[in-house]
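Once you've looked at the hints, go ahead and assemble the two chains, each given alone in its own frame, into the complex.
Residue numbers (our numbering), protein chains in the order written: chain V, 1 to 342; chain S, 1 to 232.
Derived from the structure by calculation, the hints contain no laboratory data. In this text the structure is predicted, and so the values were computed from the model without any measurement. Every residue, glycine too, gets a C-beta built ideally from N, C-alpha and C. Take these hints with a grain of salt, some might be off.
Listed next, the stretches of chain S that the computed footprint assigns to chain V, with coverage defined by at least 3 CB atoms under 8 angstroms from CB atoms of chain V [said to hold, decoys possible]: (1) 28–38; (2) 67–81; (3) 84–93.
27 angstroms max Cα-Cα, derived DSSO-like pairs, lysine-lysine [stated by the list, open to error]: (4) V:Lys180 x S:Lys211; (5) S:Lys211 x V:Lys48; (6) V:Lys47 x S:Lys230; (7) S:Lys223 x V:Lys177; (8) V:Lys47 x S:Lys211; (9) V:Lys260 x V:Lys271.
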Amino acid sequence: MGEIMSSEQNEIILAIETSCDETAAAVVKGGKKLLSNVVATQMDIHKKFGGVVPEVASRHHIEQITMVIEQALDEAGMTINEVDAVAVTEGPGLVGALLVGVNAAKALAYAHHKPVIGVHHIAGHIYANRLEKDFEFPLMSLVVSGGHTELIYMEQHGEYEVIGETRDDAAGEAYDKVAKALGLPYPGGPEIDRLAQIGKDTYQFPRSYLEEGSYDFSFSGLKTAVINKLHHLKQKGAEVDTENIATSFQASVIDVLVDKTYQAAIDYGVKQLIIAGGVSANRTLRDRMSERFKDTNIDLMIPPLYLCTDNAAMIGAAASVEYHKQNFASLNLNANPGLTIE
Amino acid sequence: MNVLAIDTSNQPMSVSIIKESTLAAELTVNVKRNHSLQLMPAIDHLFNQTGLQPNQLDKIAIAAGPGSYTGLRIGMTTAKTMAWGLNIPIVSLSSLELLASNLLYDSCLVSPFFDARRGNVYTGLYRVHHGDIDQVEPDQNIDMTSWLEYLKSLGEYVKLISSTEHGFQSMVSEKLGDQGILVGHSLQLPRAGLLGSLAINKEDEDVHGLKPNYHRLVEAEAKWMEQQQKDS
Ligand SMILES: Nc1ncnc2c1ncn2[C@@H]1O[C@H](COP(=O)(O)OP(=O)(O)O)[C@@H](O)[C@H]1O
Ligand SMILES: [Mg+2]
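Just chain S, same shape as in the assembly (with noise of 0.2 angstroms):
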């Protein structure tokens, strides 16, 4: 099976092609910069690389949030336009998930962390076994303190990995002290080669009605719906 795989839900961007069931190419770039800018040539970089040309894909893998809003646009509007244009399959899986998958071979409770500013963060937590991965709490935007605490009553050793700038650090080591690190030596980026890799078993999702997983309402929607019960 050959997979596209994107994944620019934050600042680092990360594409992959998986030609024939195994990794073939994969290109992560964590700068600050236009991902509408980067994304298509970088793609195409990936093509020329593998020697495939896009009639080829059996499917496309797409990181679908939370994230940066016009980060996961720009992956989404791409992932899902060329698999419609391509008439294959699209599948997505959590920013979140794909980022605690990266300690797929380890055995422990992973929380995956995203800056959402002003003391929030977009987090989940995640059991990884030896290869498997499950949900133990979906994927939420919270503050970060709450979250410790609560990580921190688990009374469980967690591993911390965030993709995204963050002051946390002295933060995580005061709440959870010896009950949990942050992951770093890069592997706290999230790599399109392990979510094409996941995606290939995964099942098919209506392209038409795929969107972005933003965990977040839209201020003006938040207030408009407040305002509706105060006036019921």
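Just chain V, same shape as in the assembly (with noise of 0.2 angstroms):
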């Protein structure tokens, strides 16, 4: 592999996404060029459930891995045999849905003598970014996502340092969960996120800022604030505002989000900040980060919507670095549901 080293900064890698409900596989050239990004996703399909089910999960990404992988490619005007490296999220995700993809990248590496490529997923969500505009050092990282909600410090390519994390819920969750208690249809965060523009914070839950100086989140307090609010409404026989109750919670949410992000940002005295992950398209998030981080000289970074939520464009971004460090997996890689990113 040791001409793969010389220079090539245009390499070009085949990523594919499976963790969760997305099957999802691009083509990305040089960490930084999306050539395609196709993603199928099952969200119709988890709906009639309130939520994802693995199992179904997995057995829908294996109908549609080798539809999902051919489209990107030719999306791209590519063959397997132009591509320099396979990546594939390796974790953290649902294991079985995770298989498919592990399995499918080996078996593909392997039919055309690549080398593959283990992704840590929220390093994908991350590096989305760097395919709208480069990174400099040092830099934060908010992910905010189904499953994470996590302050990630880099100082330099590859290098994750988590200085802060959900101690409970995370972030998303924690909106999936306020939704069902109010009757909302799944996923919630969309659907919060839209009442909330409507309704007014009349009912000023708890702001969760756990001990001074701590860059962790919790958000169960708040979640289990709000279901408390909703039972003894629904005892008194009073209606339930749900547009001032979405407002409410997203006020107390973001302003937590928004308060521990720019703090940590100082105090590390970054040059970027980046948010990253499914609940960064919240609107008023956006909208909050942008204007706290307006009279600053921090640099801050929001994916286009198509790349906050899964998919495989990030994982090949994520991944252009490892290509360079020749960080190979072996032909026994598998899918580790629990890897963590430091």
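As structure tokens, then:
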């Protein structure tokens, strides 16, 4: 593989992502240029169950996987022979779902004598931003999704330090659970976001900042406060103002996210701040972050919506860094549902 | 014809390469280990042993279930992605039919089965006869007591064969008496060499659409369908 290293900065990576309920494949050039990005979502399938059913997700991935890869190569105008490496999400995620991507990547790479790169899903969410604009270090990243709420500090490519994380529910999880309690359809995040544009913060739910100086998060207390409030209102026979509940809940989540992220960015003296993960689709979060960072020298980066949610382009972008380090996986690469980023 | 054959339906993993229509290498491993770790290194080993390269394959054969959901997905994903990547045909065979085929040159009824927990099995009924095999009853998920009573009612000698650990030994002798026997002596393990040979004359399947035959709905789906029926 010596030749690969020879100052080749425009490597072509075929990336695969199947960690949850999206079967995705993409082709990325040099870690920055998106050549194709195909996502087959199972959202509608899981809607009727009120959440992702892991076995159902795994069964759908296997039906989609070769079609999605084929489409990604077609749209990039490439054949597998022109690809330099195959990257895949190794974890974290649903083990049965991850296994489909991992084994597809290994089989395809083996058949064509290509190296395989295992990628951490969250590294992918962060690197989604590099498809828009290159990184400047040091940088801070707030990863907010259905499974994660983390502040990750980076001094160089491929090196991640988790300086804060949720101690209980992830932010997206809190959105989804509150939405469920409000009787809103799955996934609840976008629904609450929509309703929150209409309502007012009348309920003043608590803001959980934890102990002084902590960069950690906690959303389960807020979730419980909302659910208790709903019970209380129902018991009294009072009307539940769904819009105001949504606005009040969201105000609490976003106050904490914005304040802690701002503090961390200042404390660590970063040049860039990256927002990543599914919840970064949230309009209020985007607006409030922009406003807070407007008068700083910190460059705020929020990816476009199609790069916020799970996709394979971000996996290809993160894999590029590992490609240049020749950080290749062996044939016994396995799905790792509890993979840590550090 | 050069064929790569894969069976990871249950705990035993079996892989083989058929070279110029003859078995060239076969590996069967029957230990509690993750197929996702074992399968590609095993395939690589076979290629090394046979001196073939992946691009010299003409066909891929896969045992498509029933079996362990995870095992089936690992084998099927590997097989279909490799077949698609090499642009060669893929063929599938029931994992139960493959197991029954271990007795291909006998002349009798064969009931292959896999433990499906809580007294249930995946099973089916086949008739082997001097190198041929026919299906008598389709593969299904059924409780073992009913299945053995059905076999008894046929009034014909049946050979039962299972590649998974199970606790049905005494039930089989109780229910079938001298009308049946459990096959042992390692003849109860699946052999990918056989799968590869059987695949040579089988018709190609659509690679994109190919998926494991689980023979069981996901619980959440079953419940959802039940609810739909109640509502309508
Ligand atoms: N506009 C939004 N506002 C708040 N949450 C959102 C919004 N859009 C999506 N989400 C939430 O993002 C999560 C999905 O993001 P994703 O990155 O796919 O998560 P994961 O991969 O961790 O499951 C869900 O919890 C969903 O409710
Ligand atoms: Mg995600």
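Cross-check of the supplied hints:
1. 28–38: holds (count 4)
2. 67–81: holds (count 10)
3. 84–93: This one holds; 3 residues, not fewer than the three required, reach chain V with a Cβ under 8 angstroms.
4. V:Lys180 x S:Lys211: Not OK: Lys180 of chain V and Lys211 of chain S at ~33 angstroms, beyond 27 angstroms, violated.
5. S:Lys211 x V:Lys48: 23 angstroms, holds
6. V:Lys47 x S:Lys230: Answer holds: Lys47 of chain V to Lys230 of chain S is near 19 angstroms, not above 27 angstroms.
7. S:Lys223 x V:Lys177: With a Cα-Cα distance of about 22 angstroms, the restraint between Lys223 of chain S and Lys177 of chain V holds, given a limit of 27 angstroms.
8. V:Lys47 x S:Lys211: Roughly 23 angstroms separates the two Cα atoms, so the pair holds.
9. V:Lys260 x V:Lys271: Satisfied, since the Cα-Cα distance of roughly 17 angstroms is no more than 27 angstroms.
Violated hint: 4 only; the structure is consistent with all others.
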